[in-house]
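Trainee: If you're matching them up, the sequences are chains A and B in order.
Residue 1 is where the first sequence starts when you use our numbering, and the numbers rise one by one after that.
Residue 1001 is where the second sequence starts when you use our numbering, and the numbers rise one by one after that.
Some clues are possibly wrong.
Distance windows between CB atoms, simulated [to be verified]: (1) B/His-1137 to A/Ile-347: 47 to 55 Å; (2) B/His-1137 to A/Ala-344: 24 to 32 Å; (3) A/Glu-358 to B/Leu-1014: 16 to 24 Å; (4) A/Ser-495 to B/Arg-1003: 50 to 58 Å; (5) B/Asp-1080 to A/Ile-659: 28 to 36 Å; (6) B/Asp-1080 to A/Gly-440: 57 to 65 Å; (7) B/Gln-1026 to A/Ile-85: 45 to 53 Å; (8) A/Ile-466 to B/Gln-1026: 37 to 45 Å; (9) A/Thr-51 to B/Leu-1008: 51 to 59 Å.
To be clear, the hints were calculated from the coordinates, so they are not data collected in a lab.
In this text, a Cβ means the ideal position worked out from N, Cα and C, and glycines have one as well.
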Amino acid sequence: MIAEFGYGIALVSFLVAVYSVVAAVYGATKKSASLVESSRRGMLLTFPLITIAAGSLIYLLVTNHFEVAFVYEVTSRSMPTYLKITAWWGGQAGSLLFWSWLLAAFASAVTIRKWDRDIEFLPWVVMVCSVTLVFFLGMVVFYENPFTRYWLVNGNVEPHMFQPALATIFTPQDGNGLNPLLRHPGMVIHPPMLYLGFVSYVIPYAFAMAALITGRTDDRWIRLTRRWSLWAWLFLSFGLVLGGRWAYDVLGWGGYWGWDPVEIAAFMPWLTGTAFLHSVMIQEKRGMLKHWNMILVILTYALVIFGTFLTRSGVLSSVHAFANSPIGPLFMAFVSATLIASIALVIYRWPQLRGETEMKSMLSREALFLLNNLLFMSVLVICFWGVMFPLVSELFTGQKVTVGPPFYERATAPIFAGLMFLMGVAPLSAWGHSTVKTLGRAMWKSALIALGVTVILFLTYTKNYIALIGFFLIALVILVTAQEFWRGARARQRSQNENFFSALSRLMGRNRRRYGGYIIHISMMLMAIGILGMEAFQTSTQGELAKGDALDISGYSVKYRELASWDDTGKGVNFTRATMDIYKNGIYLGQLHPRIDYYFDSQQNMTIPGNRSTIKDDLYIILVDWQPTTAMGATFKIFVNPLVNWLWVGSLLFLVGIIFAAWPDRDPAEEISRRGITQSANQPSAAD
Amino acid sequence: MQRTKFILGGLLILAAVVYLIVSSTQASAEYFMTVDEVKAKGAQAVGQSLRLSGAVMGDTIKYDSATLTLTFDIAHVSGDNAEIEAQGGLAKVLSEAVNDPTRQHVSVVYIGPKPDLLRGEAQAILTGKLDSDGVFHADELLLKCPTKYKQAVPDQAEANK
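Next comes chain A alone, as it looks inside the complex (with noise of 0.2 Å):
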């Protein structure tokens, strides 16, 4: 009945969806108002309807209705409430409905907003969102039916929306349960950021792509929607470390990032976003550069649609369960049409995105901004090249060849040095024109101290070249960017006669994004080192230990206490935990827990690492098997990973830098100090 009532709904929104389409795009070419707002209504509606629709897909899974097959895969009877509300996104099915709510949500919060000076994107945006909307809907409608329940038929069990003839339906005593791996707070909320991220970028490509049908090709849909790139950003980004946070907690591997094509997956679209997030501001400041933008959104959108369908096509060790789902082919479909039709509307629109300045010096801020994208590009060049490698020389050679971490690492380290330096120089080059004496004067201090540290490094700490060149980088980048800090507020407070402090913070205040990139760009530094550290200094050991035995791994000393094992039939789990004993140069420093859970209604173990954090390393210890007899011992790997904990600390740093600069400005007059001098300060404001 909810089952029906559900999938009734989520086909209403459907239609709803297409309406809006037809409407929109109707309403555009017959220059008829009534239309259009009758299609921005129509996607309005999109949000209610998918809402009830998830709500009856959720109360299917908190009330353990297990015909149905979605919450038959995805929850099992011992599964808290919490869990079977975010079982939600744990399978595919339900996932794309989860992707359609928020892209209405989205949809809708952007077409409530005012639109008076641009009532002509109005449509168009309309139009783009819910043609996305339908091709997402339309999955789960016809594809991927959260609501499709057991029949049996003649004795068999088949899985239908609706009741075949003479059949009964059939329920499971118990469900599948969800993966005990995604059971982890990380990742229940790992995807549904990734998610907001990936659908966020919807908004922007919207209105690009409106901004290319109406012909309004100037910066206006760019900063309609900087606010909407930014806040995707952050989600984005946030993802992809919670992600690799709950690698590090869960996997136990010992890492947190292992380039496989899931990951990769959502990489992509990071780093054209990255890339976008740069290559605007040359067009907000200086009108240049505006093909490449519109080619940056438009792979974004591509890249997120692809990488939905990568990471939802379940977990995949090889590029070829591309083929195993019915919906690749659809995807595929989608993405390469969309992409066509927004490529023609850029080549269509060619001679109006011309720029309106030439890029004059080599060593200019907008030189060295196209610098920094190409690099972005290239990173994701090699990705790409790496997920698609199978595939190519399979065509080509008929021999399937992949490649692995190494390819990566090898091929991005090189190029990411090339980004560290970049974030060095171009906060101290000038818009227009620099020299390689003006930067020099500007950057001489800070280079001699960043060459100080590495000389120290390499004295006390290690004598690894690469690693010391990254230690150089980041000094250096850290350094240049205090030092920017440093300069302005300086400078603010010699005029404007302030304090120090207050000099800083009305500096940083008036000038959001800038100084919320430079809070980002020493939070990548600080990421740097802990992902150095890991790359370049991780060390491990591993054996057998009887009860009072030890294992001595870095200065540490790892003791195995005792080993309990019980089952908690109430969580369906059985756990094992070891008790060490830590003592590092001979002092005791307390105990850690390294356990296996052992889930019985998936038959899946989940092996939680035991791990002590500080600044200067983590010891990570993870139990990998013992004896039942409790005489004998049992084994273990440790992990010293050198560093890491700044990658966690960078990543915290991170967040308050985008959320800085994405805090809407108290004064929206500020926006209009674009462009230098053109504009005078009592221009009304052209703010959003």
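Assemble chain B onto chain A, guided by the hints.
Mentor: Positioned in the frame of chain A, the structure of chain B alone reads:
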């Protein structure tokens, strides 16, 4: 003049990226193979970086926790997903592979923690190299358990048939 400089700069970056991609691909390429293909290649496959897939034989799994040495055999399964689907899905294909005595097998050695998902009739995707005795030394194990994958019909239902 400026224009040519920019174009030259762009070409330089392009060349660097192409170089990075080509050299890194060569350095880390892994050849995807099935058990049958490895057996057919014989000595030629020795020493190459391979990604080998097959079905885990449950009763051959042995783990020596003192040395963290894991050994097991895998049986041939097709590497082509379309073919697997045509034969009735991954779970069925894996189960048939394990119970079919005529299939070719490869022994696998892996040093490290025993993966959570390792069990009979799992699909293993192994990265590593073949030694001259025909034993595969895996550096990395990826396991897929068909029970984790969506099956249209619940287990209880099959018991009812």
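Trainee: Hint by hint, say whether it matches the structure.
Mentor: Each hint tested on the structure:
Checked against the hint of 47 to 55 Å, the pair B/His-1137 and A/Ile-347 passes, with Cβ atoms roughly 53 Å apart. Taking 24 to 32 Å as the suggested C-beta distance range, the pair B/His-1137 and A/Ala-344 does not conform, at roughly 52 Å. With their beta carbons about 22 Å apart, A/Glu-358 and B/Leu-1014 fall inside the hinted range of 16 to 24 Å. The hint said 50 to 58 Å for the Cβ distance between A/Ser-495 and B/Arg-1003, and at roughly 40 Å that hint is violated.
Here the CB-CB span from B/Asp-1080 to A/Ile-659 is close to 48 Å, at odds with the stated 28 to 36 Å. Between B/Asp-1080 and A/Gly-440 the beta carbon distance is about 59 Å. The supplied range of 57 to 65 Å therefore holds. Taking the beta carbon of each, B/Gln-1026 and A/Ile-85 are about 49 Å apart, inside 45 to 53 Å as hinted. A hinted range of 37 to 45 Å for the beta carbons of A/Ile-466 and B/Gln-1026 is inconsistent with their spacing of about 20 Å.
Checked against the given bound of 51 to 59 Å, the beta carbons of A/Thr-51 and B/Leu-1008, roughly 56 Å apart, stay inside it.
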